[in-house]
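Student: Each chain, written out:
Protein chains: 2
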Amino acid sequence: MKGLPQMFQIEKRNRKKTPHTCPKETPMSITRRGFLAGTAASAAAAAWSPVRAADSPTPKREVVLKLSSQAGIKGGVIPGASLDEKLAKMEKWGFDAVEVYRDAVGDEKTYLDAIGKTQLKVSAVCFGSIEGNLVSEIPEKRREGKETLRRALETAGQLGAVGLIYVPAFNGETKLTNQEIRQILLDTLPELGEHAAKAGTKLLLEPLNRKEAFFLRQLADAASICRDCNNPGVCMMGDFYHMGIEETSDLGAFISAGDYLHHVHLASRTRVLPGQDERSFVDGFRGLKMVGYQDYCSFECGVRGDRDVEIPKSMAFLRDQWELAVV
Amino acid sequence: MKGLPQMFQIEKRNRKKTPHTCPKETPMSITRRGFLAGTAASAAAAAWSPVRAADSPTPKREVVLKLSSQAGIKGGVIPGASLDEKLAKMEKWGFDAVEVYRDAVGDEKTYLDAIGKTQLKVSAVCFGSIEGNLVSEIPEKRREGKETLRRALETAGQLGAVGLIYVPAFNGETKLTNQEIRQILLDTLPELGEHAAKAGTKLLLEPLNRKEAFFLRQLADAASICRDCNNPGVCMMGDFYHMGIEETSDLGAFISAGDYLHHVHLASRTRVLPGQDERSFVDGFRGLKMVGYQDYCSFECGVRGDRDVEIPKSMAFLRDQWELAVV
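Chains as they are written, first to last, in the working numbering: chain A, 4 to 330; chain B, 4 to 330.
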């Protein structure tokens, strides 16, 4: 039982006394999803006694590549004259889900009707930053931001989306510092997380690259916010394009994200379709397999060339990269 | 050749065109130490062609646990009435190296003479922040900080230390923001890295926890600074105590640190000897093995109880944890 199974014994820490994911574990080491990772640390609590993590059975959680793409009434990666046409094409190509834009808020019925004609699920609602309102230096704007997010979370819930993608602030949208923004998030997000959970969805923090947002550039940092919030509705995502700029290791980043990770954006180094430049997805996919990722990987990128040719090609490329990601 | 060897194929990215560690690789995927990790991304450059990373031989770099401890003329973890006595004890207990304090700067001969009587190496010089001078809001202080660091790097080189441990600023030592501090480091550290390399040592950035330093809390962030500096003399370390507060995964953090990691501090959750509380080191040690870590793990902690009893006990505990860290 050495080698492979051990790789799934990833430990995770929660600084609070009541970790939401695995309440039976010690605060310093909670089990990642179904894997029995906590054994080592639990045994270590009885200091000096030999720790035998390898003795434990390690059930492996099946992880499959579920592909999604952004598509809206207007715009999106998928070609088509109407939402119906785009969704039909996605289904034909073998997508599992669609990621919609913020125009779905208030127009839920249009999306539900269109998506209802297919077998597609909704992976996420790509919402953005609401002009950085939630972390504005102006308290009134922060209140507005909270209300807007509450409403959007309800939409995400109605659509059955895994989560609502949320960026705290793009550069220039707030005058506050990293520390101040972080504190506001810790003060605000748990309440929004509660609201998300009631709506059957999650708030998903999205780290970007420094050119777009100086605050929240790395997955480990987003994960630490999720940990500090300690609320099952406050989670995060990763985007291969931004990760290519900010992370030194896709594998390390996804392992640090761990259970908090509930969405992934797919784009190449030059932000076109995966496979259209030299960007490898193998290391990142290995990370997704190692953490037992259960949600969607979704195109957010441009396309070089004929979309009807290049998108299926990119899907095949990704499936090949997924196979190469051996853990 | 599937399973275990694949785990060592960790990709790493360098945003610059001239990565210093592996100039023959593509910028997007450079080989980690001796492991042939680049195959996937290199082949992926020829887009759409199936990538067969698993076809490559994967030489495994041997990784051993080399223990060190802080010890100085005054103070340190190791008991003893004099430096000679402390070092003799360390050698007897099976330590591989000693980590000295900043009082070694200007007093190199005392340390060299004492250490020369043993087989111990010098793991690091624990230097600190020089009052945050290098990242001060006052330019004159920044110049002073640079000179002080240059001098200390020479000491580290003379002692044969792997590196000089450097904290950009403890809380309250600078009025600058995260972004400003980071920019100063990118502007300043490459020159200091050159100086370090000439002296035969390295500058080691140390991430702390938020209570001690709001700037630089996570290993992935330190690694991104090292990557952006792109200088072989600018590297980093990790401290299990701070990591316990700031990281969601020791494994993810060390993988993100990767080749930039050249020193590790050992302390338990409550900052006493490893094994004296419930803190597990297995997940972190697995990370060290996965990245092919070649340097020292060094005690920086308090001790509960009789040092002469507890320190050897902790060393045995760590060796046991090391064995449990199966990759």
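Careful, some of the hints might be misleading.
Each pair may be met inside one copy or between any two copies, as identical chains are not told apart.
[Stated by the list, open to error] Pairs of lysine-lysine, DSS-like flavour, derived with a Cα cap of 30 Å:
{"#": "1", "residue 1": "95", "residue 2": "201"}
{"#": "2", "residue 1": "149", "residue 2": "95"}
{"#": "3", "residue 1": "214", "residue 2": "149"}
{"#": "4", "residue 1": "120", "residue 2": "144"}
{"#": "5", "residue 1": "69", "residue 2": "201"}
{"#": "6", "residue 1": "178", "residue 2": "201"}
{"#": "7", "residue 1": "214", "residue 2": "95"}
{"#": "8", "residue 1": "144", "residue 2": "178"}
{"#": "9", "residue 1": "214", "residue 2": "178"}
{"#": "10", "residue 1": "120", "residue 2": "316"}
{"#": "11", "residue 1": "92", "residue 2": "201"}
{"#": "12", "residue 1": "92", "residue 2": "316"}
{"#": "13", "residue 1": "124", "residue 2": "178"}
These are calculated hints, taken from the structure and not from any lab test.
Student: None of the hints should be skipped; say for each whether it holds.
Tutor: Here's how the hints hold up against the structure:
1. 95 x 201: Classified as neither: same-chain Cα gap 33 Å, cross-chain 61 Å, threshold 30 Å.
2. 149 x 95: neither (38 Å within a copy, 62 Å between copies)
3. 214 x 149: So residue 214 and residue 149 pass the 30 Å test inside a copy (25 Å) and across (28 Å) alike.
4. 120 x 144: neither (39 Å within a copy, 67 Å between copies)
5. 69 x 201: within (25 Å within a copy, 51 Å between copies)
6. 178 x 201: neither (32 Å within a copy, 42 Å between copies)
7. 214 x 95: Cα proximity of residue 214 and residue 95: none, with 36 Å in one copy and 53 Å across.
8. 144 x 178: Both, since 13 Å and 27 Å are each at most 30 Å.
9. 214 x 178: both (16 Å within a copy, 23 Å between copies)
10. 120 x 316: within (25 Å within a copy, 66 Å between copies)
11. 92 x 201: neither (33 Å within a copy, 60 Å between copies)
12. 92 x 316: This pair counts as within: shortest intra-copy Cα distance 14 Å, inter-copy 64 Å.
13. 124 x 178: Neither way: residue 124 and residue 178 sit 38 Å apart in one copy and 49 Å across, limit 30 Å.
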